[in-house]
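Asker: This is what each chain is made of:
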Amino acid sequence: MEQGLSQPLVAPSLSPAARRRQLREKVIAGLITLMAFTGIAALILIIIFVAKEALGLFLDAEARHEASLSKMFLAQDVPAGRPAFRWQPVSKVPKVSMIPLFVGTLKTTVVSMMVAVPLGVFGALFAAEFAPRRLRELLKPVIELLAGIPSVVLGFFALMVMSTVVKDVFHFDRPLNAMLAGLGLALAIVPVIFTVSEDALTAVPRSYREASLALGATPWETAWKVVLPAAAPGILAACVLGFGRAIGETMIVLMASGNADVISWSLGDSARSLSATIAAEMGEVVVGSPHYSLLFFIGVQLFLFTFVLNMLASSWTRRVVRKLTGGAA
Amino acid sequence: MKTFLGSIVAGLLLALPLAAQAGNVTVKGSDTMVILGQRWAEEFMKKTPGTKVQVTGGGSGVGLAALQNGTTEIAMSSREMKDAEKTKLRTRYNTTGVEIPVAKDGVTFYVSESNPVNALTVEQLRGIYVGDITNWKQVGGPDAPIIIYSRENSSGTYVFVKDHVLDGEDYVASAQTLPGTAAVVNAVAKEKNSIGYGGAAYAKGIKELKIKQGNEEVAPSAENIKTGKYPLSRDLYFYLRNKPSGEAKTFIDFALSPEGQAVVTKVGYFPVK
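Quick mapping for you: the protein sequence lines, in order, are chains R and Y.
Counting with this note's numbering, you get residues 43 to 371 for the letters of the first sequence.
Counting with this note's numbering, you get residues 15 to 287 for the letters of the second sequence.
Hints are not guaranteed to be accurate.
[Stated by the list, open to error] From the derived model, a few chain Y residues whose C-beta atoms are all more than 10 Å from chain R:
#, residue
1, 61
2, 62
3, 192
4, 205
[Claimed, not checked] Here are the simulated SDA-like pairs of lysine to any residue, each with C-alpha atoms no more than 25 Å apart in a straight line:
#, chain 1, residue 1, chain 2, residue 2
5, R, 134, Y, 193
6, R, 209, Y, 96
7, Y, 96, R, 329
[Stated by the list, open to error] Here are a few chain Y residues that face chain R, going by a calculated C-beta distance under 8 Å:
#, residue
8, 73
9, 79
10, 82
11, 84
12, 130
13, 131
14, 166
15, 169
16, 178
17, 180
18, 182
19, 188
20, 196
For the record, the hints were derived by calculation from the structure and aren't laboratory data.
A virtual CB, placed ideally from N, CA and C, is assigned to each residue, including glycine.
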């Protein structure tokens, strides 16, 4: 060690071919870095753009009056005199409560996750642990193909086919409701959760399974108590990905939820979600008006939700990984 | 190879703005009017070869915004321009715009074909949409709750119904909103206790309600809408920044000619003249 320090560092002389290779490596590394930074810059610019458009809400006096924070989040006296939360930005007295939108988003998202998480995770567990090889090789590409179906098509399917079935099965008053939207969303999310979970499950080292079986555990115990916990971080990532898609998914909710700004926890009632509101209203809104800024503000909120959720999920994942590695790392 | 591809891409990029300008007319806006605009464009281009009329939808607001941004020559709108939009236009181009009614449309209320109710007064419609009337029994129908369909609050038709039927009052919270008249028609056709509204042109597979006025029941027919007897008729407009000239003028002249107005009838709307 000391010897190495005392001696002057001499760069080993390189052959011209090696030097060329080194140069090429540098150029390639530079290109990759450039691309990465372009991607990040594009993302940052998008965020800045959306935030800037939303900022009009706080800077413009007219907008501040029409859509102040208290008007967005607290009950307002609708002309009838009793406080209520309403979303009616196009009105003589604009009502811009975000609460019905939150409730609607939550309702549809929760329904879709309740259906999609068990289906996706157990489907993946079956494909990874129990399915015969031939079946698994068929199952995976087919489900990945399902992930590629455009959401408009799923929304259309929900609207045209599922609406009557869901209404009859659950005896709902109205054919378009939160339940239908949630089930439609689940169609879009199951493939996402399935494929990511399946990858996580198959990535669990063979030695875990072999050790478990050698100790006398049944295949089911192995799958449930060894493989599944070992793949937990990956499965959580799958669920977070699914949640992100569910909360941001627009077309299906727009077509199947009925979009009424009611506040109720009944799944038979219509729901109006944040994303569908943006999609439905952006088309005809006066550019630069308070209503326009309001829609961008909704976009910022959606971004914040997914951002916070991702943060929570990744910190949880890290904790699980630490537990699994026995706290040694 | 790379430079070859590059030059093609560069050439295309250069050609784009040129192609968009070469004596073309761009028409953009109301989804209610997009079929009409396209038919007009087809007929017009057939008659005057060499001209190009590009018609795209997106909604009245989109068309008017494009007019403010200078990305379209003609904006189609199913509603009058709002004050905020006029102000924008004035600050940017120092004009208040030119409004040209090009067709008429009757806003029609739909019910399911199995619904025995055939006609309602405007007051009854208001009662239903503001939430005072909640059961079909109250307006002479079967004992069943009314399922209300409405349009998105940014739609021109939503605003029209709010102004002319609800007297500016708010829709009841349980009114479900759907993107586009076609979706409303589809939903009403499938749900027997429902009511919805939209342009007369789309009304297929459902029953159009007549409007009761005194002892008379007025159907949203061509005659009644043209003469103004049907109380819920509205104009469909073209908006321009300045007085039309050149290609745009000949196109608008064609749209307003007897030939152009015959297209209006064929599409399902009603002529202005």
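Asker: Does each hint fit the structure? Answer for all of them.
Answerer: Here is what the structure says about each hint:
1. 61: Residue 61 of chain Y is indeed farther than 10 Å from all Cβ atoms of chain R, at 32 Å.
2. 62: Fine: 31 Å to the nearest Cβ keeps residue 62 of chain Y off the interface.
3. 192: 7 Å, violated
4. 205: Residue 205 of chain Y not clear of chain R: closest Cβ-Cβ about 5 Å, inside 10 Å.
5. R:134 / Y:193: 22 Å, holds
6. R:209 / Y:96: Status violated; Cα separation ~40 Å.
7. Y:96 / R:329: This hinted pair holds, its Cα atoms lying about 12 Å apart.
8. 73: Residue 73 of chain Y check passes; min Cβ-Cβ to chain R is 4 Å, inside 8 Å.
9. 79: 5 Å, holds
10. 82: With Cβ-Cβ at 7 Å, under 8 Å, it holds.
11. 84: Violated - the Cβ of residue 84 of chain Y stays beyond 8 Å from chain R, reaching only about 13 Å at its closest.
12. 130: 20 Å, violated
13. 131: 19 Å, violated
14. 166: Holds: closest Cβ of chain R sits about 4 Å from residue 166 of chain Y, inside 8 Å.
15. 169: 6 Å, holds
16. 178: 14 Å, violated
17. 180: Given a least distance of 10 Å, the restraint on residue 180 of chain Y is violated.
18. 182: Status holds, d = 6 Å.
19. 188: With a minimum Cβ separation of about 6 Å from chain R (threshold 8 Å), the hint on residue 188 of chain Y holds.
20. 196: 11 Å, violated
Consistency with the previously given hints fails for numbers 3, 4, 6, 11, 12, 13, 16, 17, 20, ordered from lowest to highest.
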